[in-house]
Each structure stands twice: as structure tokens, then as C-alpha cells.
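First to last, the sequence lines map onto chains L and Z.
Once you know that position 1 of the first sequence is 1 in my numbering, the rest is easy, because the numbers rise by one and skip nothing.
To convert, take the position in the second sequence, counting from 1, and add 128; that gives my numbering.
These are computed hints drawn from the structure, not numbers from a lab.
Don't take every hint at face value.
[Unchecked claim] Short derived list, chain Z residues pointing at chain L, Cβ under 10 angstroms:
hint, residue
1, Val141
2, Phe212
3, Val219
4, Thr243
5, Phe294
6, Gln329
7, Val358
8, Gly361
9, Trp402
10, Asn413
11, Phe417
12, Arg422
13, Ala426
[Stated by the list, open to error] Keeping only pairs whose Cα atoms sit at most 30 angstroms apart, straight-line, the calculated BS3-like set for lysine-lysine is:
hint, chain 1, residue 1, chain 2, residue 2
14, L, Lys65, Z, Lys180
15, Z, Lys360, L, Lys51
16, L, Lys92, Z, Lys177
17, Z, Lys180, L, Lys51
18, L, Lys65, Z, Lys177
19, L, Lys105, Z, Lys180
20, L, Lys65, L, Lys124
21, L, Lys26, Z, Lys180
22, Z, Lys180, L, Lys124
23, Z, Lys177, L, Lys44
24, L, Lys51, Z, Lys424
25, Z, Lys180, L, Lys102
26, L, Lys65, Z, Lys360
27, L, Lys65, Z, Lys424
28, Z, Lys424, L, Lys102
29, L, Lys11, L, Lys44
30, Z, Lys209, L, Lys102
31, L, Lys65, Z, Lys148
Where is the CB? At the ideal position from N, CA and C, for every residue including glycine.
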Amino acid sequence: MVQSLKLTMNKIFLGVIDDFAEEQAKGFDLNHSGSDTFFIVRSKNKLFAYKDSCPHYGDTTLPWKRHHYLNNVAEYIVCAAHGALFQIENGKCIQGPCLGQKLTKVPIEISEQNEIWIDQTIIKEFNL
Amino acid sequence: MNIIGPDKLIWGVEDLAAAKQFAVDYGLTPQNEHYYSALDGTGIEIRAKDDKSLPAALTTGSMLRKTVYGVKDQATLDAIKAEFTDREVKVLADGSLELVDDMGFVLGFQITIRTTNTEKAERINAPGDVNREINQPGVTKTDVPRVQSLSHVVYFVPDSVKAEAFFANRLGFVTTDRFTGVGPFMRPAATQDHHTIFFIQAPAFMQGCEHFTFHMAGPTDVVQAGTNMVNKGYQSFWGPGRHLFGSNWFWYFKSPFGCNMEYDADMDQHDESWQGREAMIGPDNSQAFLLQYREKWAPGPGGPKP
Ligand code: FES
Ligand SMILES: [Fe+2]
């Protein structure tokens, strides 16, 4: 009992799966830094989370507007700075300056109640 | 050759509605379904990427389909036509010329559509050197920064030496400054702006537009316009700050054009007597200073406090 409570206290609640429409993305700014640090994409009924950092320069975020991580037809993740395209399932860049490089995958957890959680240690480790 | 600078950039975008909204929010004025202009008439033409009227796209995914240069007069157009006997030069229905440069970019040339319909540069006062009219506040809350004129385009190119040679030898551009191993800042003969193009050496799969920008009346308008963009939810890429080469103030935003869109102001002017400089590219040489947006704030909890 104590153990599971502690675990919950070490995690941050990000929402439920139903917060995401199919083929939709959302950015998170847990520290209220004014800029999202990671994002989650729902695609083909699966969730994928990546650091909001383009491998081209490694120090700038992807979208031209908040939450606009996907291209028009929601086929790829886009970096709007120079148009890089990334595969949603694995974060691999298939077109653009960082061709062949990958977005950094962020581990998230999904509970049986369809709740989305992120562990504090992950937040620290990935500097989110 | 009396080339002045870019008159118009033609885009084939993926998300037409987003690109048009972005253009309006940036501060351009729609003149018709496709054309969004600055005060002096220069601007961007926005079309869907599969629009049949567009020149062919590069294979790299670049959304920039054509750069149209404004030239002084018909004699300049004739000179350009006469220069390029080594390739096809199309004469389009509007009298403009179209050709493909040595990198594969489609270029257009037209008698410039630029008017002199721009505002005065931002006026600043200093002790003993007063430039603003008396009783004229320098800034108010209701000021609307207005986009003046298409300024410059920066291209990723697979061979910046070849790109520089083409613009220098065939079109009469002059190199004003250079980042070693990266590429030149160039200005055409009929402008004194520090640059209307800058080339960045990059792998062939990156060929395309790195950013484009319009001149604003001064640094206040750059920062005010950028702040408006942030408040509308758009995301800054770099800035605000002030470059060293060209001395232009900058603020770059990511955009639905697949490249950054910048605001710039107060660029250096040069003539033939200018001696070009060269430096290594990097944070220290790319800007005099770099600032970062912060939400409006003031000391004290929302009211007067000693
Ligand atoms: S910073 Fe993302 S493509 Fe250049
Ligand atoms: Fe620029």
C-alpha cells in the first residue's frame, strides 16, 4: 500500500488517452518554462512520446505553433524550422537536415485505466 | 546588372490554410487569393504544393518554388536574357523572365514591383542628436508594426562556391562578408543592403530555403511584431538579437513554409569601397547579443509599490 502510494507520488499525471484524438499531438511544459519540453502523439491507437528537440541543432523545438507537431495529413512529425520529417512510430528523420537521426524517445506509462503517467526520474534524466 | 533584390517568393505549401493565416498574422496583407504583400508591394505567393501553375519542386521537400528578383528596367531584363544563352530563358506572359540557376533553383526576373511606399526608419534620440519629431512618443501600446519590404533569402546549397560564382559572374552580385567554409553574404548591384542572399554550404539533401525575411522600420518594430507572434501562439526559433555581419536586428520564427520566417531591421548599407570581412561561423560571430522572450512583467504585485 505504502509502496504504491509512493510510486504514484513519484509520477506526474499527463492525462488520459481520450484527451488525444486519433492522429493528434500535444506538447507538455511541466516546469512552466514557456516552451514545451516533450510531446505525445496518438497514432493508430498507440501513444508515442518524444523530447521536443530537433536533432538538426539539438537545441530548438519542433512546432511552428504549440501542439502542431504533425504534418497536414498526420503522416509525419515535422520540425517547422527547416521542414524535417520524422516517422511517428520511431522518431527517425526521413527527410530534412537531420536525415537518419532520431528524435529522443521519452518513456511514459499507461495504466489499466488508460491514464498517462511520467516518472519523476525520467523528467530529471531527460531534462523535461 | 541593375538587380535590386527579391520582389516575390513563390511557395508550394502542404497546409495552405495554415500558411495563409501565418502570413496574415506575420503582418502581410492579402492582395488576392494567393499574394500577400508588404507595404512596398513585395511579398509572397502562397499556393498548394500540387498547384499546376507552380514550377517543379526540388526533390528535397523544400517548399520554395521560385525566387523572383526585381530589376530596374527593361534594359536589365534584356541584359539578363542576353547573358543566359547557355540555358533556356522563358519569357512569361507578364514579361518576366524565368530560368534555372546552377544549383537548380528556379529564378524569375521582372521590372520591380517595389514602390517607395514605406515608412520612415525608426527615429531615436540621443543627447545632441535628436531625430524624432518633438512631442512624438517613441512607442505606445497601440502601435502596430508594419512589414515594409521583402529583405533577403538564405539558401542551403550543396556547393556555396558554385552558388557564389553564379550570382557574382552571371548576375553581378557582390560579396559583402563571408563565413569561412559556409558561404557568402551577397548584394545585387542596384541595392546597398548588406545582403539579399546568404548561402549556407549543406549536404545536397538539404537544398532549399533556410529562412526568408522582411525589413521592419526599426528594432522596436522587430521586437513588437515578434512579441505579437508569440502572443498568437507562434514559436520563436532564434531571437530577438542583433547580427554582426549586416548589423541587422533579427527574430526568427518557425513557420508552415518549411523554413524559418524572420523579421529584420536596420541593416548596414555598402558601396564599392566596402572591404568584405571573413569570420568563422558560431554563436560568438553570429550575433552581438541574443535575448529571449519573457511574458510581460513588472516589479511589484500588479500595482504601485515603493
Ligand atoms: S532545426 Fe529542425 S530541421 Fe532544422
Ligand atoms: Fe536573415
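Now for the hints, and whether the structure bears them out:
1. Val141: For Val141 (chain Z), the interface hint holds, since the closest Cβ of chain L sits about 9 angstroms away, which is under 10 angstroms.
2. Phe212: The hint is violated - Phe212 (chain Z) has no Cβ within 10 angstroms of chain L, the shortest such distance being about 30 angstroms.
3. Val219: Given a least distance of 32 angstroms, the restraint on Val219 (chain Z) is violated.
4. Thr243: With Cβ-Cβ at 30 angstroms, over 10 angstroms, it is violated.
5. Phe294: violated (23 angstroms)
6. Gln329: Constraint on Gln329 (chain Z) not satisfied, violated at 13 angstroms.
7. Val358: holds (9 angstroms)
8. Gly361: Holds. Min distance 5 angstroms.
9. Trp402: Not OK, violated: Trp402 (chain Z) not within 10 angstroms of chain L, min 30 angstroms.
10. Asn413: violated (16 angstroms)
11. Phe417: Hint on Phe417 (chain Z): violated, closest Cβ of chain L at ~18 angstroms, above 10 angstroms.
12. Arg422: holds (8 angstroms)
13. Ala426: With a minimum Cβ separation of about 17 angstroms from chain L (threshold 10 angstroms), the hint on Ala426 (chain Z) is violated.
14. L:Lys65 / Z:Lys180: Roughly 29 angstroms between the alpha carbons, so the hint for Lys65 (chain L) and Lys180 (chain Z) holds.
15. Z:Lys360 / L:Lys51: The hint holds at about 23 angstroms.
16. L:Lys92 / Z:Lys177: holds (24 angstroms)
17. Z:Lys180 / L:Lys51: violated (38 angstroms)
18. L:Lys65 / Z:Lys177: holds (21 angstroms)
19. L:Lys105 / Z:Lys180: violated (39 angstroms)
20. L:Lys65 / L:Lys124: Satisfied, since the Cα-Cα distance of roughly 26 angstroms is no more than 30 angstroms.
21. L:Lys26 / Z:Lys180: violated (34 angstroms)
22. Z:Lys180 / L:Lys124: This hinted pair is violated, its Cα atoms lying about 50 angstroms apart.
23. Z:Lys177 / L:Lys44: Distance ~26 angstroms between Lys177 (chain Z) and Lys44 (chain L) Cα, so the pair holds.
24. L:Lys51 / Z:Lys424: Within the cut-off at roughly 27 angstroms; holds.
25. Z:Lys180 / L:Lys102: violated (34 angstroms)
26. L:Lys65 / Z:Lys360: holds (9 angstroms)
27. L:Lys65 / Z:Lys424: holds (20 angstroms)
28. Z:Lys424 / L:Lys102: The hint is violated at about 36 angstroms.
29. L:Lys11 / L:Lys44: Since the Cα atoms of Lys11 (chain L) and Lys44 (chain L) sit roughly 26 angstroms apart, the hinted pair holds (cutoff 30 angstroms).
30. Z:Lys209 / L:Lys102: violated (46 angstroms)
31. L:Lys65 / Z:Lys148: holds (14 angstroms)
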